[in-house]
Each structure stands twice: as structure tokens, then as C-alpha cells.
Amino acid sequence: MSSGKKIGIGIVGILIVISIVYGVLGTDSGNAPSDTTEQTSVDVDTVGLSGEVTIGLILPLTGDLATHGEENWEGSKLGVVDFNKHLEEIGAPWHLKMVSEDSATNPVIALEKLSSLNAKGIGIVVGPETSSNIRNIKGYSDSNNMLLVSCCSSAPALAIPNDSVFRLVPDDSNQGTALGKLIQHEEIQMLIPVWRGDTWGDGLKEATANSFTKRGGQVDEGIRYNPESPEFSASTSLLAKKVQEYVDEYGEDKVGILFLGFAEILQFTQSASEHEILDKVRWFGPGANTKEHKLIDDPIGLEFSTNVQFTTVQVAASKNPTYERVQAHLTETLGKTPNTFVHSSYDAVWIIGLAMLETQSTDVSTIKSKIPEIAENYSGAIGSTKLNAAGDLAQANYEIWGIRGGEWILLGQYTQSEDSISFN
Numbered sequence: 005m006s007s008g009k010k011i012g013i014g015i016v017g018i019l020i021v022i023s024i025v026y027g028v029l030g031t032d033s034g035n036a037p038s039d040t041t042e043q044t045s046v047d048v049d050t051v052g053l054s055g056e057v058t059i060g061l062i063l064p065l066t067g068d069l070a071t072h073g074e075e076n077w078e079g080s081k082l083g084v085v086d087f088n089k090h091l092e093e094i095g096a097p098w099h100l101k102m103v104s105e106d107s108a109t110n111p112v113i114a115l116e117k118l119s120s121l122n123a124k125g126i127g128i129v130v131g132p133e134t135s136s137n138i139r140n141i142k143g144y145s146d147s148n149n150m151l152l153v154s155c156c157s158s159a160p161a162l163a164i165p166n167d168s169v170f171r172l173v174p175d176d177s178n179q180g181t182a183l184g185k186l187i188q189h190e191e192i193q194m195l196i197p198v199w200r201g202d203t204w205g206d207g208l209k210e211a212t213a214n215s216f217t218k219r220g221g222q223v224d225e226g227i228r229y230n231p232e233s234p235e236f237s238a239s240t241s242l243l244a245k246k247v248q249e250y251v252d253e254y255g256e257d258k259v260g261i262l263f264l265g266f267a268e269i270l271q272f273t274q275s276a277s278e279h280e281i282l283d284k285v286r287w288f289g290p291g292a293n294t295k296e297h298k299l300i301d302d303p304i305g306l307e308f309s310t311n312v313q314f315t316t317v318q319v320a321a322s323k324n325p326t327y328e329r330v331q332a333h334l335t336e337t338l339g340k341t342p343n344t345f346v347h348s349s350y351d352a353v354w355i356i357g358l359a360m361l362e363t364q365s366t367d368v369s370t371i372k373s374k375i376p377e378i379a380e381n382y383s384g385a386i387g388s389t390k391l392n393a394a395g396d397l398a399q400a401n402y403e404i405w406g407i408r409g410g411e412w413i414l415l416g417q418y419t420q421s422e423d424s425i426s427f428n
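The sequence shown begins at 5 in our numbering and counts up one residue at a time.
Simulated from the structure, these hints should not be mistaken for lab results. Every clue listed holds true.
In silico SDA-like pairs for lysine to any residue, Cα to Cα no more than 20 Å straight-line:
{"hint": "1", "residue 1": "Lys258", "residue 2": "Gln188"}
{"hint": "2", "residue 1": "Lys81", "residue 2": "Glu56"}
{"hint": "3", "residue 1": "Lys124", "residue 2": "Val112"}
{"hint": "4", "residue 1": "Lys340", "residue 2": "Leu415"}
{"hint": "5", "residue 1": "Lys340", "residue 2": "Asp301"}
{"hint": "6", "residue 1": "Lys298", "residue 2": "Leu270"}
{"hint": "7", "residue 1": "Lys101", "residue 2": "Thr363"}
{"hint": "8", "residue 1": "Lys246", "residue 2": "Asn230"}
{"hint": "9", "residue 1": "Lys81", "residue 2": "Glu336"}
{"hint": "10", "residue 1": "Lys340", "residue 2": "Leu65"}
{"hint": "11", "residue 1": "Lys323", "residue 2": "Ser383"}
{"hint": "12", "residue 1": "Lys284", "residue 2": "Glu249"}
{"hint": "13", "residue 1": "Lys284", "residue 2": "Ser237"}
{"hint": "14", "residue 1": "Lys323", "residue 2": "Gln420"}
{"hint": "15", "residue 1": "Lys81", "residue 2": "Met102"}
{"hint": "16", "residue 1": "Lys340", "residue 2": "Gly409"}
{"hint": "17", "residue 1": "Lys81", "residue 2": "Gly339"}
{"hint": "18", "residue 1": "Lys298", "residue 2": "Gly409"}
{"hint": "19", "residue 1": "Lys390", "residue 2": "Ser421"}
Kindly generate the complete structure, drawing on both the sequences and the hints.
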């Protein structure tokens, strides 16, 4: 902090700048926001932020979600680059720095990393990514007056008002509704859930089962597996037995499997491929498996997922100039089409940065109280970032994806307001 002149820019001025730079000009992500005569003038006064302002990031760069973690890390890094160019353009005497930590998709390690960031005086953090990580660290975050902005955590049990966590994704009561509608639409009568035994898996399984049964479907008790298991032969053998019984009763086209897991889906499908009956029925999955490249890069995974017409849902980002620019940049950087959460990872940085810019503060309580207002007025790569009372993303439309012809294909969309499915 330094003394002297202060940046006099309000939320309206910020939003005008963003809408002009990103909505109208559609500048390339490699370029700083451009000057415009319509931009609100900024008076620089030295009372306020200056120099380097540090935030943290905790993502799974190794472990079961390493693929998504690496992609989302690139999204947040791009967010920092673009936001700093925005600060330079408006004459702000400070810039963001992001200190990144690897959670290894492990709740215990995530807590260690959060404690380490706190010891360094870093109280505002992008992440963690998973609900099991959030559940394990939020007590520490709450009691130490820290702030977490997660791109991806969606467990309904963590939709808690006035805690230390904001989530730029709808909670899974919404994803469960979308999955239930999709499975009903595909005329499945008996659903067998297979899910990762953690906070996220338990919550999404319950939400989907509730949605499907309310629509007249039947749900088996399912199989809750240990995500730390090195192999899944026992689970797939039990699943094959269940599927055979239901196929005998309902027919192959009326039985479906709901798989709720992370990257271990490849090992699970490899094991499932040893049971002929398991590729005779439809399989469905969540956003965590959408665009999972391991499935199509592996010959067994590709053949199996193609045979079962593996179909998933993921949060629908609003297509806009910022989305297109971020998508193009990260596709080039990664050499593949990234998951949708890269956009919420990008927006998380902007929302934190704009809250700092508006308040001229890094005080956690001040930023926490400002974020809902910033999020309601900001429209970023995911479109509207308006939050609900629990601090989670309010909008909840979902894209429908599937593996068809050897690749991931966008098939359609679930629209929440109409509770409807439409295919391309």
C-alpha cells in the first residue's frame, strides 16, 4: 500500500470499460484492453492499491483430475494476464500475481496447501476444484477469514450462505435435474447409478436419482465405489449381474447406467468391457467426464464408450466474444478443446480483481462483501455470473455431449426454465 492518489473508478465505470473492450472490440487475448474515447476517465491518486497484489490458486495438477486441473490452471493464468493488461490500460498502479499450488486431487493435501498460502499472507484463493477438497478445507477457510472462489465445486451440501466459498458453477441439484430429464428423454426405465464415494459423488447421485424417480423412472440402489481403488473388477462384476437381471425384465433399450466419477472412468470402462452385457445398454455421465480425452485416446475406452453411446451434461457457457477468445486461445495453448470450466476459472480471476479495483482493498471481508455485486453486474467468458443466496452461480442450463464417431460431439442442450431437452 502507498499514500497519495486514489483510483476513482466505480462499478459502472468498470463495466463500461469491460463491455467496450470485450463485447464490442472483441480484442485478442494477447492484447491489453484498448483505449477508447467512451471509456470512463480514471483519476490516479496514490491512496489505494499499488505494486504487486498476490492471490492464490489451488487446483489438481496431479491426481484423478489432473487433466481438468491443468486446463483450468491455464484459464486462470490467462485471466491474470488479461486483467493486468486492463489495469495497465486504465493507469492503475498495481498488478495481480497468482501463486499456484497443486492439490493432487487430495483433500488432505488441499488443506496443507491452503494453510501454506495463509502462512504467506495470501487470504484470497481461486479454487479448489473439487467438492471433497472444499468440504475438507472450508472449516479452516471460514475460521481464518479466507476467501475461496471455486470454478467447479458443485456438491449441493456445500451450498451454504454466508460462508467463505463462492462457486462459479450451479450446485448439483441443477445438474441432477438435467441428467434426470435427459435419461427420461432417452426412454430409460431402470437406472443403475455407479458413483465415486465422496461428497461430490454422493450429492450428484442423490440429485439425479430424485429427479429421475419424480419423472416416473426406477433407480437401483447402485454401486458406491472407493475412488482410491486401483482396480474395479469387483464393481464391474456386480454391475454386470445387476444389468443382466434388469435387461431380462425391461429389455436392453430400457436399462441405463449412470457413471459419476473423474478420470478413473477409463479404468472402469476397461474393466466393464470384459462383461459383454455392459456394452449393450446406455451409459450417462456428468460434466466431470465431458470431453474426457483419455476415453477417446484409449482404444478400449473409445470402443466401449462408442458402443454405449456415452452421453453427458455440462454447464452451458454463454457464447460471447470473451468466451470465443478464451476458447480459441486455450485450444491453441493446450492443443485440444478445453473443458467448460476453463471459462469460470478465467472469470474467477476477473471477479476477484474487479472487487479489489472497486474497493481499492485486499481486505478479505471487504472483498467478500463486494463480490456478489461485482458478479451480478459482470458478464464474462461464461456469460452471466450472477450468484444465488448461497454464493453459487444462479444460471443452470446444460449442454449435452456424447462420444460419437470417435470424438466428443455437442448434441444439444437442457434448458432449466422450460425443463426441456433440445438436440442439434
